[in-house]
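Model the full structure from these sequences, guided by the hints.
Residue numbers (our numbering), protein chains in the order written: chain A, 1 to 261; chain B, 1 to 261; chain C, 1 to 261; chain D, 1 to 261.
What you were told as hints is all true, and nothing was included just to trick you.
So, partial list: chain C residues that the calculated Cβ filter (under 8 Å) puts toward chain B:
1) Thr200
2) Thr240
3) Met242
Cβ pair distances, simulated, as ranges:
4) B:Arg18 with D:Glu220: 25 to 35 Å
5) B:Asp16 with C:Gly45: 55 to 65 Å
6) A:Thr10 with D:Glu132: 50 to 60 Å
7) D:Lys235 with C:Gly175: 17 to 27 Å
8) D:Asn131 with A:Arg241: 23 to 33 Å
9) D:Val44 with C:Gly133: 45 to 55 Å
10) B:Asp176 with A:Ser58: 30 to 40 Å
Since the hints were derived computationally from the structure, they do not count as laboratory data.
C-beta atoms are modelled at their ideal positions from N, C-alpha and C, and glycine is treated no differently.
Protein chains: 4
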Amino acid sequence: MSQMVDVGTTVLLWLDNRRKWLVEVSENREFHTHKGMVRLSELVGKQFGDKVSTLTGSTLYILRPSFCDRLSFFQRPTQILYPKDIGFLLLRLGLESGTTVVEVGTGSGVATAAMANIVKPNGHICSYDVNEGFIRKAESNLARIGLLQYVTLRCSDAREGFVESDVDAVFLDLGDPWNIVPRAYSCLKSGSSLASFSPTVDQVEKTVTVLKKEGFIDIETCELLLRNMRIEEGKSRPETRMIGHTGYLTFARKARKDVSE
Amino acid sequence: MSQMVDVGTTVLLWLDNRRKWLVEVSENREFHTHKGMVRLSELVGKQFGDKVSTLTGSTLYILRPSFCDRLSFFQRPTQILYPKDIGFLLLRLGLESGTTVVEVGTGSGVATAAMANIVKPNGHICSYDVNEGFIRKAESNLARIGLLQYVTLRCSDAREGFVESDVDAVFLDLGDPWNIVPRAYSCLKSGSSLASFSPTVDQVEKTVTVLKKEGFIDIETCELLLRNMRIEEGKSRPETRMIGHTGYLTFARKARKDVSE
Amino acid sequence: MSQMVDVGTTVLLWLDNRRKWLVEVSENREFHTHKGMVRLSELVGKQFGDKVSTLTGSTLYILRPSFCDRLSFFQRPTQILYPKDIGFLLLRLGLESGTTVVEVGTGSGVATAAMANIVKPNGHICSYDVNEGFIRKAESNLARIGLLQYVTLRCSDAREGFVESDVDAVFLDLGDPWNIVPRAYSCLKSGSSLASFSPTVDQVEKTVTVLKKEGFIDIETCELLLRNMRIEEGKSRPETRMIGHTGYLTFARKARKDVSE
Amino acid sequence: MSQMVDVGTTVLLWLDNRRKWLVEVSENREFHTHKGMVRLSELVGKQFGDKVSTLTGSTLYILRPSFCDRLSFFQRPTQILYPKDIGFLLLRLGLESGTTVVEVGTGSGVATAAMANIVKPNGHICSYDVNEGFIRKAESNLARIGLLQYVTLRCSDAREGFVESDVDAVFLDLGDPWNIVPRAYSCLKSGSSLASFSPTVDQVEKTVTVLKKEGFIDIETCELLLRNMRIEEGKSRPETRMIGHTGYLTFARKARKDVSE
Chain A
1 MSQMVDVGTT VLLWLDNRRK WLVEVSENRE FHTHKGMVRL SELVGKQFGD KVSTLTGSTL
61 YILRPSFCDR LSFFQRPTQI LYPKDIGFLL LRLGLESGTT VVEVGTGSGV ATAAMANIVK
121 PNGHICSYDV NEGFIRKAES NLARIGLLQY VTLRCSDARE GFVESDVDAV FLDLGDPWNI
181 VPRAYSCLKS GSSLASFSPT VDQVEKTVTV LKKEGFIDIE TCELLLRNMR IEEGKSRPET
241 RMIGHTGYLT FARKARKDVS E
Chain B
1 MSQMVDVGTT VLLWLDNRRK WLVEVSENRE FHTHKGMVRL SELVGKQFGD KVSTLTGSTL
61 YILRPSFCDR LSFFQRPTQI LYPKDIGFLL LRLGLESGTT VVEVGTGSGV ATAAMANIVK
121 PNGHICSYDV NEGFIRKAES NLARIGLLQY VTLRCSDARE GFVESDVDAV FLDLGDPWNI
181 VPRAYSCLKS GSSLASFSPT VDQVEKTVTV LKKEGFIDIE TCELLLRNMR IEEGKSRPET
241 RMIGHTGYLT FARKARKDVS E
Chain C
1 MSQMVDVGTT VLLWLDNRRK WLVEVSENRE FHTHKGMVRL SELVGKQFGD KVSTLTGSTL
61 YILRPSFCDR LSFFQRPTQI LYPKDIGFLL LRLGLESGTT VVEVGTGSGV ATAAMANIVK
121 PNGHICSYDV NEGFIRKAES NLARIGLLQY VTLRCSDARE GFVESDVDAV FLDLGDPWNI
181 VPRAYSCLKS GSSLASFSPT VDQVEKTVTV LKKEGFIDIE TCELLLRNMR IEEGKSRPET
241 RMIGHTGYLT FARKARKDVS E
Chain D
1 MSQMVDVGTT VLLWLDNRRK WLVEVSENRE FHTHKGMVRL SELVGKQFGD KVSTLTGSTL
61 YILRPSFCDR LSFFQRPTQI LYPKDIGFLL LRLGLESGTT VVEVGTGSGV ATAAMANIVK
121 PNGHICSYDV NEGFIRKAES NLARIGLLQY VTLRCSDARE GFVESDVDAV FLDLGDPWNI
181 VPRAYSCLKS GSSLASFSPT VDQVEKTVTV LKKEGFIDIE TCELLLRNMR IEEGKSRPET
241 RMIGHTGYLT FARKARKDVS E
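Right under this line is the structure:
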């Protein structure tokens with residue numbers, strides 16, 4: 001990847017930890033912040049890591065957007081998964097280059113993108129959502145981040161079954177995951193993993209009950225709490241406010257049905 | 001990957017959520033659990049997800065080891081990173097196939113393996129440790145999991161500098177990360193990310209102080225708390241015991257020095 | 001209170017933060033620890049805060065038992081409430097000298113004692129438990145701590161109603177608090193508070209549903225997490241292990257029924 | 001206490017869990033909320049627990065203010081302690097009717113009031129603050145809640161020593177508690193407890209270091225996290241937002257100096 005910013009390059013303009021913007025460099029555009037305006041043409045020829053000044057003298061850093069930066073600027077028709085949950089998901093599902101995944105509940109495509117970024121170039125994500133608007137938004141988000149080619153988006157009701165079979169992992173992120181579990185069982189490779197994300201305890205209970213009934217084992221549910229720290233010499237402490245809850249993650253593995261014995 | 005178990009296949013024998021063992025199938029070995037013995041030759045020809053009975057009648061499931069299962073059976077000369085921390089690290093550092101990473105503090109190679117599994121086949125991890133015993137143990141762990149080819153292990157003191165330059169990410173997991181930060185700055189691509197893991201607040205303070213001084217920006221520190229849930233219909237609740245602390249994760253990005261202005 | 005230890009005085013022998021014992025001083029007894037033996041007669045005439053040596057040379061401090069020390073040595077037929085939950089309860093129920101409280105679920109009497117210690121000498125705790133063994137144990141625990149005179153223990157089923165009426169506060173600590181809520185409504189002063197402690201989410205849901213139906217308002221549920229810190233100069237950090245869950249506390253206030261409008 | 005509202009009665013007007021107001025009933029005043037106005041004269045003759053309608057038809061409940069309600073309406077020149085921390089403090093310091101306490105850092109008097117409410121009528125709180133404005137504000141807050149007679153407020157620098165001696169407990173809530181520890185040692189009864197509240201890790205480290213040096217033992221530091229739950233049938237879950245940090249509580253007990261051996 002080039003270190004040089006050019007017309008068409010997407011950069012992260014960074015003012016401080018709370019204020020950063022994803023901006024595409026163009027020759028004639030101005031970018032306005034409450035700390036003053038930047039002519040984007042001034043960025044051309046700079047390197048990532050360089051600074052630029054606003055007309056009123058504030059400093060913005062020009063950074064190469066990280067993958068998380070890009071995810072955080074996805075257009076979001078729905079509540080999105082947080083990086084703390086997605087990171088754990090990627091590792092616990094054992095995703096790597098080449099893995100095939102079925103996702104139910106595309107939403108804005110944030111988890112879809114995170115999974116596609118790991119399984120590319122030989123793996124694939126098939127993502128289902130009944131909501132056509134979500135599918136279109138996710139499509140545009142995935143295209144902009146360059147990952148659409150590793151994803152098949154299906155606007156259909158997963159309760160009626162999946163096209164795919166023998167997949168390496170399933171991820172459920174919808175309101176009634178328990179209704180998808182039987183279909184998920186069928187399309188998973190034996191011994192492979194399913195994950196499900198739900199905000200309420202009742203959703204988790206219903207899902208775990210069906211998982212047990214359908215022949216999943218090694219069922220575990222957890223939640224992750226992210227606590228930001230304010231680090232200053234001699235004054236360090238956790239931040240006063242935090243996100244208290246996003247949702248519960250449930251993991252399970254497909255065992256073969258008793259007919260096999 | 002074949003779904004059939006053969007001599008030489010590594011399987012996970014699963015009794016329940018707390019008791020699971022990683023076992024290599026061989027023709028003449030017996031595997032003993034406190035729930036009875038299994039002749040491993042009986043596993044040959046079974047499929048992943050099938051069951052096997054011990055001589056005393058207990059049921060063990062034969063599962064394909066997930067990546068996390070394999071990590072959890074690494075031989076550990078040192079305290080290891082937990083999946084909750086590693087997953088977040090992978091996502092926040094933006095690792096993907098092709099990324100190059102320098103790690104300082106190989107330890108048992110758990111984080112090394114998790115990173116290698118994502119950056120393969122075109123990316124690479126260079127991992128430093130001053131302790132020769134750790135390096136040897138990590139080498140054997142990485143070889144067994146099939147990832148050694150994506151890793152260069154260096155038994156040398158990272159405070160004296162890195163061989164690598166222009167890398168995409170740096171991960172520090174050692175007792176005095178602040179002493180490595182200047183070298184990390186030099187070897188990182190401009191605008192790229194560094195992460196550091198430390199158990200104590202003092203370590204984090206010292207590291208953040210040096211990060212600021214050396215020209216890193218977008219510095220954030222957090223910790224992740226994993227809370228397991230006991231899910232049973234009508235009786236769900238968080239588990240009574242939990243791990244209260246593993247360590248703090250600090251993230252930062254390299255800005256270019258002022259000479260560039 | 002005298003600062004001098006005598007025969008019959010109950011002292012806390014303190015070795016370190018994890019090892020402390022509540023001991024009654026007598027002339028002829030020996031007290032054995034794994035760090036050696038102490039002749040209790042040696043304590044007579046010492047002051048609180050003094051030390052005593054075991055025969056093998058370890059140092060034990062002689063401390064006046066705090067109220068929490070005494071609670072922690074209650075004989076416990078059942079799981080007990082933790083200080084973190086009890087402290088919040090005392091404050092949120094607004095207990096003070098003179099308050100009258102009905103408790104359902106005496107258990108070992110730990111919460112009973114903590115409440116009695118605040119409402120004495122003019123207030124009173126009436127505590128119900130269906131289990132006679134618990135009542136007897138609580139009676140002995142409360143007598144030993146000198147608080148029995150402020151407590152009436154009733155071995156009866158609170159679902160059949162309370163003897164008391166017009167009480168200032170109700171505390172429910174039993175498996176099916178929702179079955180007691182209608183009786184609790186009747187015996188509470190209008191506008192006064194009820195608290196309930198339950199380990200599972202389902203118990204809380206059922207209780208809150210009945211609270212709403214019976215005419216309680218200002219209903220809030222929370223849980224408290226206690227995290228111990230390991231404080232050492234330059235090495236401070238949260239402890240590795242913690243209690244992840246004890247139970248949920250629900251608070252509510254009695255509104256008057258609509259007939260009053 | 002009367003259950004009847006009269007002119008001069010202080011009531012809590014309760015709209016919902018987030019919106020409640022402490023109001024003194026008077027004959028000619030109107031009370032305005034964004035849900036409409038209430039003529040306070042209408043409250044006279046009502047009972048606690050009754051309702052009143054605003055002119056626009058919303059319902060407000062008339063509740064007897066709990067002790068916590070009253071604390072939450074203290075005028076606050078400074079950050080205040082939270083009930084979760086105060087409740088634990090009361091219990092861990094073993095406060096009861098008759099206890100004498102020295103507090104350093106009166107602030108708005110919230111902890112002062114909570115302690116006074118427990119130790120009254122025979123106990124006493126002596127509270128020090130160098131800031132005269134705080135002392136005056138605390139005085140007015142304590143007078144309004146009827147607890148001033150159990151408190152002596154001293155506008156002086158506690159580093160120069162306390163008037164009191166032989167007290168049962170000390171509570172430190174100021175920026176540099178370590179500077180007060182030697183004086184606290186002198187004024188405490190041997191074997192009695194000190195508590196200290198500090199937001200940062202560095203403050204705790206410094207305090208614990210001096211506590212050890214001055215002859216305190218049984219030193220423990222913790223923090224409490226309060227997590228609110230959203231309880232609805234079939235939809236229960238922790239609240240999305242929470243307070244991530246208020247401060248650390250440190251407890252210690254005075255041992256006698258070695259001269260006593």
